[in-house]
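Visitor: Below, each chain spelled out in residue letters.
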Amino acid sequence: MLLYGIMRFAGLLATLFAASLVLFLILEVIPGDPAELMLGMNAQEDTLAALREQLGLNAPAFTRYIDWVTGMFSGDFGISYTYSVPVSDLIGDRVLVSLPLALIALVLSTVIAIPVGVLSAKYRGKALDTGIMAGAQIGIAIPNFWFAILLVFVFSITLRLLPSGGFPGWEAGVWPALKSLILPAVALALPQAAILARVMRSSLVEVLHEDYIRTARAKGLSKRSTLWLHGVRNALIPVLTILGLQFSFLIAGTVIIENVFYLPGLGRLIFQAITQRDLIVVKSAVMLLVASAVFVTFLVDLAYAAIDPRLRR
Amino acid sequence: MSSLRFRAALGGALFASALTLLPAVMPAYAGPADNSVSVGMVLEPPHLDPTAGAAAAIDEVTYSNIFEGLTKVGPDGAVLPGLAKAWTVSEDGLTYTFTLNSPVKFHDGTPMTAEDVKFSLDRARTEDSVNAQKPLFADIESVDVTAPDTVVIKMKKPVGNFLFNLAQGDAIIVSAKSADNNKSMPIGTGPFKFDKWIQGQEVRLVKNPDYWGEPVALNSASFKMISDPNAAFAAMMSGDLDAFPNFPAPETLVQFEMDPRFKVSIGSTEGETILAMNNKAGPLADVRVRRAISHAIDKQAIIDGAMFGQGTVIGTHFAPHHPAYVDLKDTYALDIEKAKALLAEAGYPEGFTATLKLPPPQYARRGGELIASDLKKIGINLEIIPVEWAQWLSEAFREKNYDFTIVSHVEPMDIGIYARDGYYFNYDSPEVKAMINKLNATVDTEARYALLGDIQRKITEDAVNVYLFQLGKSGVWKADLEGLWENTPVPANDLTKVHWK
Chain A
0 MLLYGIMRFA
10 GLLATLFAAS
20 LVLFLILEVI
30 PGDPAELMLG
40 MNAQEDTLAA
50 LREQLGLNAP
60 AFTRYIDWVT
70 GMFSGDFGIS
80 YTYSVPVSDL
90 IGDRVLVSLP
100 LALIALVLST
110 VIAIPVGVLS
120 AKYRGKALDT
130 GIMAGAQIGI
140 AIPNFWFAIL
150 LVFVFSITLR
160 LLPSGGFPGW
170 EAGVWPALKS
180 LILPAVALAL
190 PQAAILARVM
200 RSSLVEVLHE
210 DYIRTARAKG
220 LSKRSTLWLH
230 GVRNALIPVL
240 TILGLQFSFL
250 IAGTVIIENV
260 FYLPGLGRLI
270 FQAITQRDLI
280 VVKSAVMLLV
290 ASAVFVTFLV
300 DLAYAAIDPR
310 LRR
Chain B
0 MSSLRFRAAL
10 GGALFASALT
20 LLPAVMPAYA
30 GPADNSVSVG
40 MVLEPPHLDP
50 TAGAAAAIDE
60 VTYSNIFEGL
70 TKVGPDGAVL
80 PGLAKAWTVS
90 EDGLTYTFTL
100 NSPVKFHDGT
110 PMTAEDVKFS
120 LDRARTEDSV
130 NAQKPLFADI
140 ESVDVTAPDT
150 VVIKMKKPVG
160 NFLFNLAQGD
170 AIIVSAKSAD
180 NNKSMPIGTG
190 PFKFDKWIQG
200 QEVRLVKNPD
210 YWGEPVALNS
220 ASFKMISDPN
230 AAFAAMMSGD
240 LDAFPNFPAP
250 ETLVQFEMDP
260 RFKVSIGSTE
270 GETILAMNNK
280 AGPLADVRVR
290 RAISHAIDKQ
300 AIIDGAMFGQ
310 GTVIGTHFAP
320 HHPAYVDLKD
330 TYALDIEKAK
340 ALLAEAGYPE
350 GFTATLKLPP
360 PQYARRGGEL
370 IASDLKKIGI
380 NLEIIPVEWA
390 QWLSEAFREK
400 NYDFTIVSHV
410 EPMDIGIYAR
420 DGYYFNYDSP
430 EVKAMINKLN
440 ATVDTEARYA
450 LLGDIQRKIT
460 EDAVNVYLFQ
470 LGKSGVWKAD
480 LEGLWENTPV
490 PANDLTKVHW
500 K
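For the protein sequence lines, the chains are A and B, in the order given.
The first sequence begins at 0 in numbering that gives the first Met the number 0 and counts up one residue at a time.
The second sequence begins at 0 in numbering that gives the first Met the number 0 and counts up one residue at a time.
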């Protein structure tokens with residue numbers, strides 16, 4: 000177990016190093032000068048030079064890479080070119096929106112998907128199963144931004160139950176803040192729930208054909224106990240894999256969803272920072288997302304070991 | 000076929016009736032009890048210091064609300080007194096004497112005096128200044144304080160437009176004590192104080208109780224950043240926003256017009272939208288080719304097709320609502336045969352191939368496709384290259400690595416760019432340069448207008464660029480909200496006169 004964990008952790012570090020290098024190089028080659036963008040069309044050469052110097056854009060690439068990486072280790076992400084505030088503050092504020100959003104969506108999609116998938120597997124081949132799977136197919140096909148617009152039309156414009164977007168901030172109270180995350184979370188969760196439900200169903204259907212299920216029934220276990228104790232537990236490994244992958248999808252999805260609902264989250268920050276060539280923000284924020292995705296994969300790997308004792312050796 | 004069409008029509012009718020029913024079931028919207036207003040904006044300001052950035056969004060939050068200059072621009076574009084209550088100009092146009100309002104206090108309590116005016120203007124024009132509009136101050140010789148409420152500005156040469164220049168956001172008056180922190184904590188003299196900025200979401204302002212001038216009606220205001228057109232539509236329709244002065248979804252305006260809860264305002268801007276041509280790139284160096292291109296483009300079709308009908312056809316680089324505007328839009332009437340003849344005369348009977356670099360705004364991306372199809376008719380094949388702003392600035396604007404591009408020049412009174420050396424469309428005319436120099440030395444209004452007319456005629460004759468249209472501005476706000484600007488003579492959301500009915 001320990002060796003397994005150490006190996007996984009080493010993999011995590013290697014991935015992070017590779018990602019930081021790729022990210023830095025990509026941002027080096029994209030066209031566009033932050034100083035030019037900040038000063039616009041009437042800027043003069045000397046003004047631009049003054050600003051470039053101020054932003055530290057003149058140092059050689061290697062030095063800037065080392066500065067960036069060592070800075071991150073000490074928690075210093077630099078100062079945003081455009082906002083002129085520490086990047087760590089900027090990211091810190093945004094994480095308080097994106098993380099709850101992604102978690103709510105993740106919980107929501109799991110809570111919907113697992114019972115629905117189990118139900119579907121239990122009644123496989125019956126009308127209920129067909130209906131659920133047809134619904135899931137639609138759920139997968141619907142792009143989340145379109146679904147988001149539909150939700151806004153129904154719940155904000157017509158029924159006026161929930162805000163059409165924006166985020167009042169957690170200091171405005173837990174309920175108002177949560178209220179503004181409901182629609183985005185649903186929009187994010189639905190397509191993921193559809194995928195998860197399908198995986199849950201097919202995995203469980205496979206497990207239910209195994210000999211040990213028949214054995215469990217034969218030794219007198221009720222249908223219900225067999226399904227949940229032996230069936231669902233054994234069917235969870237592929238579901239967990241997908242769940243781990245979905246976390247990355249959810250984070251990617253927040254870029255779009257946060258723009259539709261104009262939420263001040265990490266995804267929108269990255270989107271804006273790219274168009275404004277606030278490269279120092281892009282670098283650090285993307286790195287944070289990479290780190291969280293890699294970390295979740297690491298946790299999933301450890302969870303495999305918890306579910307499947309064979310992996311612990 | 001017919002049943003298909005029927006179904007489509009039915010669907011449309013159902014959708015439309017659902018929309019018209021909406022207002023009937025919803026309560027009428029009254030102004031909020033706390034006397035506040037929330038205003039939508041498409042782009043977020045990168046920071047809040049108008050003296051350190053070109054982004055219009057900075058001015059759209061701060062101009063006249065947080066910061067004030069010696070003079071200010073009114074809703075009709077006229078120059079009004081600001082922090083200076085009066086001024087005199089010497090006969091030769093070289094000396095300006097400003098008398099300041101007093102007492103005026105900055106938001107942090109420090110008094111605003113003539114010293115601050117000197118500090119602000121000197122700061123904008125020093126060597127290491129990062130002011131985006133440094134040329135505005137280039138002709139200042141000296142700024143001197145002669146009394147606590149009197150400032151004398153001496154010029155190197157007369158600048159006819161100087162009072163207007165001082166009314167720009169780039170020329171606002173700041174305090175030496177707080178100037179360096181204005182990006183994140185703006186301290187000005189205006190009727191609103193900065194309250195809070197939730198990056199990526201909104202900027203909040205509160206009423207300044209110690210304002211020197213006429214107090215504002217609103218207690219607070221917030222500017223919310225919504226870049227997605229669908230989200231902007233939803234935020235207005237659901238009542239989450241009170242106003243969206245520069246509404247990004249013109250295709251939905253009809254729905255707002257039908258709804259008695261809202262008012263739709265169609266105004267003009269200072270944005271001359273042009274098909275810019277690199278006057279030194281291959282065939283485009285020949286004036287006959289540029290004229291041929293001007294004859295081949297259907298401008299009205301671009302306004303209708305790309306801008307939902309919003310915009311005014313222009314024939315030169317000048318705002319049609321300005322008194323000095325000369326109507327030259329018929330100089331190059333749509334005429335494909337003439338265009339072909341001109342191309343043949345220039346030695347390109349078969350046309351040629353060129354690139355068209357398009358920045359992100361709709362006028363460019365959508366307009367570009369229409370222009371490409373127009374020019375195809377005379378044999379010019381355009382390769383469309385979409386670029387981001389950052390890329391556009393470095394490749395097209397700075398390196399001049401382009402043949403055609405579309406851009407809206409939103410700076411007011413910017414015809415002077417035709418006299419600039421190495422400006423991105425590479426136009427080099429000693430005649431225009433002489434006229435601009437003369438214009439700068441002319442103070443008399445009549446004489447200035449005559450000169451401005453001559454310059455407009457000259458650049459149109461030389462077909463430097465294809466002058467497409469004046470960018471329209473559509474705003475949507477709640478019907479009982481009054482006092483917002485209909486036009487944008489300078490980028491601003493001046494809230495000083497805004498109130499609920």
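One or more hints might be untrue.
Pairs of lysine to any residue residues, derived as SDA-like cross-links and limited to a Cα-Cα distance of at most 20 angstroms, are as follows [stated by the list, open to error]:
1) B:LYS133 x A:TRP227
2) B:LYS182 x A:LEU47
3) B:LYS399 x A:LYS178
4) B:LYS477 x A:GLY91
5) B:LYS195 x A:LEU95
6) B:LYS477 x A:GLY77
7) B:LYS155 x B:LYS477
8) B:LYS176 x A:SER83
9) B:LYS399 x A:ASP32
10) B:LYS195 x A:GLN53
11) B:LYS195 x A:GLY91
12) B:LYS133 x A:GLY168
13) B:LYS195 x A:TRP169
14) B:LYS262 x B:GLU481
15) B:LYS432 x B:ASP413
16) B:LYS195 x A:ASP75
17) B:LYS182 x A:GLY77
18) B:LYS432 x A:GLN43
19) B:LYS195 x A:ASP307
20) B:LYS195 x A:GLU170
21) B:LYS195 x A:ILE156
22) B:LYS153 x B:GLY238
23) B:LYS182 x A:THR157
24) B:LYS477 x A:ASP32
25) B:LYS155 x B:GLY238
26) A:LYS178 x B:GLY238
27) B:LYS399 x A:ASP45
28) B:LYS195 x A:ALA176
29) B:LYS399 x A:ALA292
30) B:LYS182 x A:GLU170
31) B:LYS133 x A:GLN53
32) B:LYS133 x A:ILE212
33) B:LYS262 x A:ILE156
34) B:LYS182 x A:GLY55
Facing chain B, a subset of chain A residues (Cβ under 8 angstroms, in silico) [said to hold, decoys possible]:
35) LEU50
36) PRO85
37) SER87
38) GLY91
Simulated from the structure, these hints should not be mistaken for laboratory data.
The beta carbon of each residue, even a glycine, is placed where N, CA and C say it ideally should be.
Visitor: Run every hint past the structure and note whether it holds.
Guide: Right, here's what the structure says about each hint:
For the given pair, LYS133 (chain B) sits about 73 angstroms from TRP227 (chain A) by alpha-carbon distance, which is inconsistent with the 20 angstroms threshold. For the hint pairing LYS182 (chain B) with LEU47 (chain A), the CA-to-CA distance comes to about 18 angstroms; that is within 20 angstroms, so the pair holds. Note on LYS399 (chain B) and LYS178 (chain A): the hinted pairing is violated, with a Cα-Cα distance of about 50 angstroms set against a maximum of 20 angstroms. Between the alpha carbons of LYS477 (chain B) and GLY91 (chain A) the distance comes to roughly 35 angstroms, so the proposed pair goes past 20 angstroms and is violated.
The straight-line distance between the Cα atoms of LYS195 (chain B) and LEU95 (chain A) is roughly 17 angstroms, inside the 20 angstroms bound, and the hint therefore holds. A threshold of 20 angstroms between alpha carbons decides the hint, and for LYS477 (chain B) with GLY77 (chain A) the separation of about 42 angstroms lies outside it, so the pair is violated. With a C-alpha separation of about 48 angstroms, the suggested pairing of LYS155 (chain B) with LYS477 (chain B) is violated against the 20 angstroms cut-off. At roughly 18 angstroms between alpha-carbon atoms, LYS176 (chain B) and SER83 (chain A) fall within 20 angstroms of each other, so this suggested pair holds.
As the CA atoms of LYS399 (chain B) and ASP32 (chain A) are separated by approximately 15 angstroms, the hinted pair is consistent with the 20 angstroms bound. Of the supplied pair hints, the one linking LYS195 (chain B) and GLN53 (chain A) is violated, its CA atoms being roughly 26 angstroms apart against a limit of 20 angstroms. Between the alpha carbons of LYS195 (chain B) and GLY91 (chain A) the distance comes to roughly 17 angstroms, so the proposed pair stays at or under 20 angstroms and holds. With a C-alpha separation of about 38 angstroms, the suggested pairing of LYS133 (chain B) with GLY168 (chain A) is violated against the 20 angstroms cut-off.
Only pairs whose Cα atoms come within 20 angstroms are accepted, and LYS195 (chain B) paired with TRP169 (chain A) is accepted, the gap being roughly 15 angstroms. For the proposed pair LYS262 (chain B) and GLU481 (chain B), the alpha carbon gap of about 10 angstroms is at most 20 angstroms, so the pair holds. For the suggested pair LYS432 (chain B) and ASP413 (chain B), the alpha carbons sit about 14 angstroms apart, so the restraint of at most 20 angstroms is met. Note on LYS195 (chain B) and ASP75 (chain A): the hinted pairing is violated, with a Cα-Cα distance of about 24 angstroms set against a maximum of 20 angstroms.
Under the criterion of a C-alpha separation no larger than 20 angstroms, the hint pairing LYS182 (chain B) with GLY77 (chain A) is consistent with the structure, at around 17 angstroms. For the proposed pair LYS432 (chain B) and GLN43 (chain A), the alpha carbon gap of about 19 angstroms is at most 20 angstroms, so the pair holds. For the hint linking LYS195 (chain B) to ASP307 (chain A), the alpha-carbon distance of about 51 angstroms lies beyond 20 angstroms, and the restraint is violated. Proposed proximity of LYS195 (chain B) and GLU170 (chain A) is supported: the alpha carbons are some 13 angstroms apart, at most 20 angstroms.
Restraint check for LYS195 (chain B) and ILE156 (chain A): not satisfied, since their Cα atoms lie roughly 28 angstroms apart, outside the 20 angstroms limit. At most 20 angstroms may separate the alpha-carbon atoms for a hinted pair to count; LYS153 (chain B) and GLY238 (chain B) exceed this at roughly 51 angstroms. Taking the CA atoms of LYS182 (chain B) and THR157 (chain A), the gap is about 40 angstroms. The hint is violated against a cut of 20 angstroms. Straight-line distance between C-alpha atoms of LYS477 (chain B) and ASP32 (chain A) comes to about 40 angstroms, which puts the hinted pair past the 20 angstroms bound.
Using a Cα cut-off of 20 angstroms, the hinted pair LYS155 (chain B) and GLY238 (chain B) is violated, with the two alpha carbons roughly 53 angstroms apart. With a CA separation close to 16 angstroms, the supplied pair LYS178 (chain A) and GLY238 (chain B) stays within the 20 angstroms bound. Our distance criterion of 20 angstroms between C-alpha atoms is met by LYS399 (chain B) and ASP45 (chain A), whose separation comes to about 19 angstroms. Simply put, LYS195 (chain B) and ALA176 (chain A) have alpha-carbon atoms about 17 angstroms apart, close enough for the 20 angstroms limit, and the pair holds.
For the given pair, LYS399 (chain B) sits about 42 angstroms from ALA292 (chain A) by alpha-carbon distance, which is inconsistent with the 20 angstroms threshold. A threshold of 20 angstroms between alpha carbons decides the hint, and for LYS182 (chain B) with GLU170 (chain A) the separation of about 24 angstroms lies outside it, so the pair is violated. Taking the CA atoms of LYS133 (chain B) and GLN53 (chain A), the gap is about 17 angstroms. The hint holds against a cut of 20 angstroms. In summary, the hint linking LYS133 (chain B) to ILE212 (chain A) is not supported, as the alpha carbons are separated by about 80 angstroms, beyond the 20 angstroms threshold.
Straight-line distance between C-alpha atoms of LYS262 (chain B) and ILE156 (chain A) comes to about 18 angstroms, which keeps the hinted pair within the 20 angstroms bound. This hinted pair checks out: LYS182 (chain B) and GLY55 (chain A) have alpha carbons roughly 18 angstroms apart, not beyond 20 angstroms. The beta carbon of LEU50 (chain A) comes within 5 angstroms of a beta carbon in chain B, closer than 8 angstroms, and the hint placing it at the interface holds. A distance limit of 8 angstroms between C-beta atoms decides the matter here; for PRO85 (chain A) the minimum to chain B is near 11 angstroms, and the interface restraint is violated.
Contact between SER87 (chain A) and chain B, as hinted, is not supported at the beta carbon level, the nearest pair being about 13 angstroms apart and thus beyond 8 angstroms. With a cut of 8 angstroms, the hint placing GLY91 (chain A) at the interface with chain B is violated, because the nearest CB-to-CB distance is about 11 angstroms.
Hints 1, 3, 4, 6, 7, 10, 12, 16, 19, 21, 22, 23, 24, 25, 29, 30, 32, 36, 37, 38 from the list above are not met by this structure, while the remaining hints are.
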